[in-house]
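Q: One line per chain: the protein sequences are D and C, in this order. Read in the numbering used here, the first sequence has 91 at position 91, and its numbers run on one by one without any break. Read in the numbering used here, the second sequence has 237 at position 237, and its numbers run on one by one without any break.
Since the hints were made in silico from the structure, they are not lab data. Keep in mind that a hint or two might mislead.
[Stated by the list, open to error] No more than 27 Å apart at the CA atoms, straight line, and that leaves these computed lysine-lysine pairs for DSSO-like: (1) C:Lys24 x C:Lys56; (2) D:Lys136 x C:Lys264; (3) C:Lys24 x D:Lys136; (4) C:Lys327 x C:Lys56; (5) C:Lys327 x C:Lys24.
[Said to hold, decoys possible] Which stretches of chain D does chain C cover? Using the computed rule of at least three CB atoms under 8 Å from a CB of chain C, they are: (6) 4 to 15; (7) 58 to 72; (8) 83 to 95.
Quick caveat: nothing in here was measured; it's all calculated off a predicted structure. No residue lacks a Cβ here, since even glycine has one placed at the ideal position from N, Cα and C.
These are the residues of each chain, in order.
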Amino acid sequence: MRIVILYGTESGNAELVADDVAEMLSDRFDVRTHDMSGADPSDLSTDDFFLVICSTHGDGELPSGARPFAEALDRDQPDLAGVRYAVFGLGDSSYDTYSRGSELIDDRLRALGAERVGPYGRHDASSRDVPSDLAKQWAADVLAALSSGNIAQ
Amino acid sequence: MTAPSIVVVGAGASGCYAAQALRKALPEAEITVLERLPVPFGLLRYGVAADHQGTKGVQHQFERLLASQVSFVGGLELGHHIDLGQLTDLFDIVVLATGVPQDRRLGVDGDTLPGVIGAGRLTRALNSHPEDCMIPPVVGQRVAIIGSGNVAVDILRLLSRSAEEWDGSDMDEDILARIIPQPVNEIHLVARATAEAAHWDAAMIRELAGLRRPSFRLAGGAVDPASSPAASALFGLLAASPQVSGELTVNFHFQCIVEAIIGKDAAQGLRIKTAGGERRDLAVNTVVTAIGFDWTPHVMTAPRVYTTGWLRTGPQGTIPHQRTLAKQVVSEIVTDLRSGLIATGRPGRRALPAGRTTNFDSWIRIDEVERARAAAGRTRRKITSIEQMYDVACSSRSRENV
Chain D
1 MRIVILYGTE
11 SGNAELVADD
21 VAEMLSDRFD
31 VRTHDMSGAD
41 PSDLSTDDFF
51 LVICSTHGDG
61 ELPSGARPFA
71 EALDRDQPDL
81 AGVRYAVFGL
91 GDSSYDTYSR
101 GSELIDDRLR
111 ALGAERVGPY
121 GRHDASSRDV
131 PSDLAKQWAA
141 DVLAALSSGN
151 IAQ
Chain C
1 MTAPSIVVVG
11 AGASGCYAAQ
21 ALRKALPEAE
31 ITVLERLPVP
41 FGLLRYGVAA
51 DHQGTKGVQH
61 QFERLLASQV
71 SFVGGLELGH
81 HIDLGQLTDL
91 FDIVVLATGV
101 PQDRRLGVDG
111 DTLPGVIGAG
121 RLTRALNSHP
131 EDCMIPPVVG
141 QRVAIIGSGN
151 VAVDILRLLS
161 RSAEEWDGSD
171 MDEDILARII
181 PQPVNEIHLV
191 ARATAEAAHW
201 DAAMIRELAG
211 LRRPSFRLAG
221 GAVDPASSPA
231 ASALFGLLAA
241 SPQVSGELTV
251 NFHFQCIVEA
261 IIGKDAAQGL
271 RIKTAGGERR
281 DLAVNTVVTA
291 IGFDWTPHVM
301 TAPRVYTTGW
311 LRTGPQGTIP
321 HQRTLAKQVV
331 SEIVTDLRSG
341 LIATGRPGRR
351 ALPAGRTTNF
361 DSWIRIDEVE
371 RARAAAGRTR
381 RKITSIEQMY
391 DVACSSRSRE
401 NV
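Next up, chain D with everything else stripped away, as it sits in the complex (with noise of 0.2 Å):
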């Protein structure tokens, strides 16, 4: 099973968050990051597992990075049965839709057929914390969830 970090970035943060969540996973699983400006649907395969890491841009919007993806998906409406995946969303709490972009995606894959495994991550960027830090501790618990069987939390 390779594991496959699919990211959606406006600024940037999204895909440091991934290039540090795959260097940790890198020494125990195939691990390859994907970014979603340049992801296609037919790219989902029920061999690989998602680890999808979205921020989120302006009043709640998917970022820049991940609307091709979001629009490829409402246009093809590929079946996803069998595919799994988990969310880590970045967002800034200030705001009412804290974290809206991530659950722009994962609703999408839901609707369509996919499964959603393990803990929704979150980081608040009114926070402290460290994105990278929150983002490997949620990989490895979705990861503990995954081996262990469990279904969505």
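Could you slot chain C onto chain D? The hints should help.
A: Just chain C now, kept in the frame of chain D:
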């Protein structure tokens, strides 16, 4: 072809994104980021507001970059310590990311009177910029802010915050007291635009509702909440505003043109003309102009010299926009390199003139000191003197590794 030597001039967001994109595209290149101040980060440090720490989050990426992926040299100024011709002799490729620092003038009578302050300058001073803190601008109790972009809203918000509302920010109390010695009790926001077409983000307007001091008023006209997200946000702000004016009244004047600033030795009033042709004199002693920065388009024709950021596009374009722009510029550079248009082999960083400069370790020390000396409820207290920055940069570490 030997790996190219590249210099990026300016360590703000546009320069750092350029260096980042260059490093990804050219793993073997020697990449140096020059900065005239001893510290990096440009407007991330001196432009983004003290109470918007979340927006400064991109700094983490740039710290990674400057720490180990490219070299940082601070305290070296293009046009002062070295000129462009010398840089192009030393480096195969030069990328200019020096920004557009100068506030645009209003261009009306009285626009240079004391009391007329450019928003860029005021923002830098409020952010403890060493050059703007030496003789800081002073804001009076009755203020006009001219403009309808996010910068105007930043100024409005920063002038409205009460002493207890700075928790989690990096606002320096002493600097704030010098800039705003008495609480502001009247603000007139004057915009050429309609409420519908105002350039500010709706989220910035909604944020104002969280402030304790101000009540918001509309000085004539109407706001249609259905006309645009910005208008909808403003409508909500006005609707929720207390009926009885308290300590601070904020008046929005839309579709107004500034005719003159009245005053003999200092600003005493602002004369505006409304859409209906009516003239209004606002009794203010401070006029903050948030009308953009002074930029003229300039096509860079020097070979091997590229521009990015506001220097290239004009002073519009958010932080994320710089990332996209940097990738574009770097792709041009890579194309030129591949086509053989650029001969490589110039000496690069080692040939820079000797002098008093800083490196990334200097920033680490300055950063530690600033965070350690933070007042309660603040994330840091910035060093406000260039000399003190050098002192800290040169001081030996408290824990020497043996």
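Q: Indicate, hint by hint, whether the structure satisfies it.
A: Each hint tested on the structure:
With a C-alpha separation of about 23 Å, the suggested pairing of C:Lys24 with C:Lys56 holds against the 27 Å cut-off. Of the pairs offered as hints, the one joining D:Lys136 and C:Lys264 is violated, with about 62 Å between alpha carbons and a cut-off of 27 Å exceeded. Using a Cα cut-off of 27 Å, the hinted pair C:Lys24 and D:Lys136 holds, with the two alpha carbons roughly 23 Å apart. Restraint check: the Cα-Cα separation between C:Lys327 and C:Lys56 comes to about 21 Å, which is no more than 27 Å; the hinted pair holds.
A threshold of 27 Å between alpha carbons decides the hint, and for C:Lys327 with C:Lys24 the separation of about 10 Å falls inside it, so the pair holds. Check on the region 4 to 15 of chain D: 4 of its residues sit with their Cβ under 8 Å from a Cβ of chain C, so the three-residue criterion for coverage holds. Residues of the region 58 to 72 of chain D with a Cβ under 8 Å from some Cβ of chain C number 4, which satisfies the need for three, so the listed coverage holds. Beta-carbon proximity to chain C at under 8 Å applies to 3 residues in the region 83 to 95 of chain D; the threshold of 3 is reached and the given coverage holds.
Against the hints set out earlier in the document, a violation occurs for number 2 only.
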